Amino acid sequence: MALEITVHEQSCRGCELCIDICPTKVFTRDEEKRLCTVAHAEDCIACLSCTYICPSGAIEHRDIHLVKNFYRDEEFCRKMGRFL
Amino acid sequence: MEATSDKRLALQDAMVFLGAIASGTEQAIGASANSISYLAGVNLGKKLSSGVPRTLDIAAALQATRDVLEKNDYLWLFEPFKTHDQEALYREVEEGTEVMLVFRDCMIRQSLFRFGHSQKGSLCNMMYGFFAGALQNIMGRESSLEIVHAGENACYKKLVVRNS
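In the order they appear, the protein sequences are chains X and H. In terms of the numbering used here, the first sequence is residues 12 to 95. In terms of the numbering used here, the second sequence is residues 48 to 211.
The set of hints was computed from the structure by calculation and includes no laboratory data. Incorrect hints may appear among the rest.
To be verified - Derived BS3-like pairs: lysine-lysine, alpha-carbon spacing no greater than 30 Å straight-line:
{"id": "1", "chain 1": "X", "residue 1": "79", "chain 2": "H", "residue 2": "94"}
{"id": "2", "chain 1": "X", "residue 1": "90", "chain 2": "H", "residue 2": "54"}
{"id": "3", "chain 1": "H", "residue 1": "205", "chain 2": "X", "residue 2": "36"}
{"id": "4", "chain 1": "H", "residue 1": "129", "chain 2": "H", "residue 2": "54"}
{"id": "5", "chain 1": "H", "residue 1": "93", "chain 2": "X", "residue 2": "36"}
{"id": "6", "chain 1": "H", "residue 1": "118", "chain 2": "H", "residue 2": "54"}
{"id": "7", "chain 1": "H", "residue 1": "167", "chain 2": "H", "residue 2": "94"}
{"id": "8", "chain 1": "X", "residue 1": "79", "chain 2": "H", "residue 2": "129"}
{"id": "9", "chain 1": "X", "residue 1": "36", "chain 2": "H", "residue 2": "129"}
{"id": "10", "chain 1": "X", "residue 1": "79", "chain 2": "H", "residue 2": "167"}
{"id": "11", "chain 1": "H", "residue 1": "167", "chain 2": "X", "residue 2": "90"}
{"id": "12", "chain 1": "H", "residue 1": "54", "chain 2": "X", "residue 2": "79"}
{"id": "13", "chain 1": "X", "residue 1": "79", "chain 2": "H", "residue 2": "118"}
{"id": "14", "chain 1": "H", "residue 1": "93", "chain 2": "X", "residue 2": "79"}
{"id": "15", "chain 1": "H", "residue 1": "93", "chain 2": "H", "residue 2": "129"}
{"id": "16", "chain 1": "X", "residue 1": "90", "chain 2": "X", "residue 2": "79"}
{"id": "17", "chain 1": "H", "residue 1": "94", "chain 2": "H", "residue 2": "118"}
{"id": "18", "chain 1": "H", "residue 1": "205", "chain 2": "X", "residue 2": "79"}
Unchecked claim - Derived coverage of chain H by chain X (criterion: at least 3 residues anywhere in the stretch with Cβ under 8 Å from a Cβ of chain X; other residues may be distant):
{"id": "19", "segment": "56-65"}
{"id": "20", "segment": "76-83"}
{"id": "21", "segment": "119-132"}
{"id": "22", "segment": "145-154"}
{"id": "23", "segment": "192-199"}
In this text, all values refer to a predicted model and were calculated from it rather than measured experimentally. We treat Cβ as the ideally placed atom computed from N, Cα and C, and that holds for glycine.
Please build the complete structure, drawing on both the sequences and the hints.
Right, here's the structure in full:
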């Protein structure tokens with residue numbers, strides 16, 4: 012899967028949360044710019060944890076497989092609500 | 048086509064229901080819920096893979112496992128994965144043969160997210176059990192499936208198939 016990851020420099024605050032959460036070590040820290048950058052895009056499994064955790068929404072993925080969501084049946088959800 | 052769609056909708060309803068049961072079971076009996084889900088997965092893995100030709104080739108066994116899931120319309124597909132610094136997909140380690148797997152579309156993850164249940168819970172152990180049961184049938188070997196990372200769009204797991 013040839014995917015693209017972009018860390019927008021204007022948005023990144025260098026908090027390193029993406030580095031901490033990535034299971035395949037895709038990101039690294041650029042000490043000069045004090046920002047996080049993509050070191051190994053080819054290792055990305057597109058779990059999107061970095062995108063979800065980034066406080067400034069600086070990370071963007073392209074050409075990834077997005078999971079198929081379950082359909083939503085309101086009546087069924089109401090019934091399920093009794094168990095939760 | 049319509050029959051397949053109905054089957055999938057029924058399966059999704061069942062999975063959401065199962066997610067609620069698993070969440071409730073975890074609250075009621077704690078870690079023991081993992082064993083129950085694991086054993087349910089083993090039974091499912093053995094049942095679905097019965098009749099699959101036996102092989103000792105792990106790549107062929109994984110493909111057969113994937114085929115079984117696909118054939119039964121299960122949204123539970125996976126693929127072997129290696130990072131740039133790993134030399135091979137399948138690596139010999141002390142316990143046996145190790146391979147990293149990426150799970151993208153996962154009916155368990157989707158059912159957990161529907162009502163905000165947390166990941167890495169007892170229902171995820173069902174997948175561990177499924178692999179253990181299926182690989183026991185196909186390869187005649189014990190295996191373990193460790194969750195390395197549970198993500199929002201994909202999960203990363205380590206499968207170890209033991210030597211004996």
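Status of each hint after checking the structure:
1. Distance hint between residue 79 (chain X) and residue 94 (chain H) is fulfilled; the C-alpha atoms sit about 26 Å from each other, no more than 30 Å.
2. With a C-alpha separation of about 20 Å, the suggested pair residue 90 (chain X) and residue 54 (chain H) falls inside the 30 Å cut-off, and the hint holds.
3. Taking the CA atoms of residue 205 (chain H) and residue 36 (chain X), the gap is near 16 Å; set against the 30 Å cutoff, the hint holds.
4. Distance hint between residue 129 (chain H) and residue 54 (chain H) is unfulfilled; the C-alpha atoms sit about 34 Å from each other, more than 30 Å.
5. Proposed proximity of residue 93 (chain H) and residue 36 (chain X) is contradicted: the alpha carbons are some 35 Å apart, above 30 Å.
6. In summary, the hint linking residue 118 (chain H) to residue 54 (chain H) is supported, as the alpha carbons are separated by about 12 Å, within the 30 Å threshold.
7. Proximity of residue 167 (chain H) to residue 94 (chain H) is assessed by CA-CA distance (about 24 Å); at most 30 Å being required, the pair is judged to hold.
8. For the hint pairing residue 79 (chain X) with residue 129 (chain H), the CA-to-CA distance comes to about 24 Å; that is within 30 Å, so the pair holds.
9. Using a Cα cut-off of 30 Å, the hinted pair residue 36 (chain X) and residue 129 (chain H) holds, with the two alpha carbons roughly 12 Å apart.
10. Restraint check: the Cα-Cα separation between residue 79 (chain X) and residue 167 (chain H) comes to about 20 Å, which is no more than 30 Å; the hinted pair holds.
11. Restraint check: the Cα-Cα separation between residue 167 (chain H) and residue 90 (chain X) comes to about 25 Å, which is no more than 30 Å; the hinted pair holds.
12. For a cut-off of 30 Å, the pair hint linking residue 54 (chain H) to residue 79 (chain X) stands: about 16 Å separates their Cα positions.
13. Restraint check for residue 79 (chain X) and residue 118 (chain H): the C-alpha separation of about 18 Å stays at or below 30 Å, so the hint holds.
14. Between residue 93 (chain H) and residue 79 (chain X), the direct Cα distance comes to roughly 27 Å. Compliance with the 30 Å bound is thereby established for this hinted pair.
15. Our distance criterion of 30 Å between C-alpha atoms is met by residue 93 (chain H) and residue 129 (chain H), whose separation comes to about 28 Å.
16. Restraint check for residue 90 (chain X) and residue 79 (chain X): satisfied, since their Cα atoms lie roughly 23 Å apart, inside the 30 Å limit.
17. The hinted pair formed by residue 94 (chain H) and residue 118 (chain H) meets the criterion: a straight-line CA distance of about 13 Å does not exceed 30 Å.
18. Restraint check: the Cα-Cα separation between residue 205 (chain H) and residue 79 (chain X) comes to about 23 Å, which is no more than 30 Å; the hinted pair holds.
19. Counting residues of the segment 56-65 of chain H whose C-beta sits closer than 8 Å to any C-beta of chain X gives 6, which meets the bar of three, so the coverage hint holds.
20. Counting residues of the segment 76-83 of chain H whose beta-carbon sits less than 8 Å from any beta-carbon of chain X gives 0, not enough to reach three: the coverage restraint is violated.
21. Beta-carbon proximity to chain X at under 8 Å applies to 4 residues in the segment 119-132 of chain H; the threshold of 3 is reached and the given coverage holds.
22. Restraint check on the segment 145-154 of chain H versus chain X: 5 residues with Cβ-Cβ distances below 8 Å, three needed, restraint holds.
23. Given as covered by chain X, the segment 192-199 of chain H passes the check, having 4 residues with a CB less than 8 Å from a CB of that chain where 3 are the minimum.
Violated hints, listed in ascending order, are 4, 5 and 20; each of the other numbered hints is respected by the structure.
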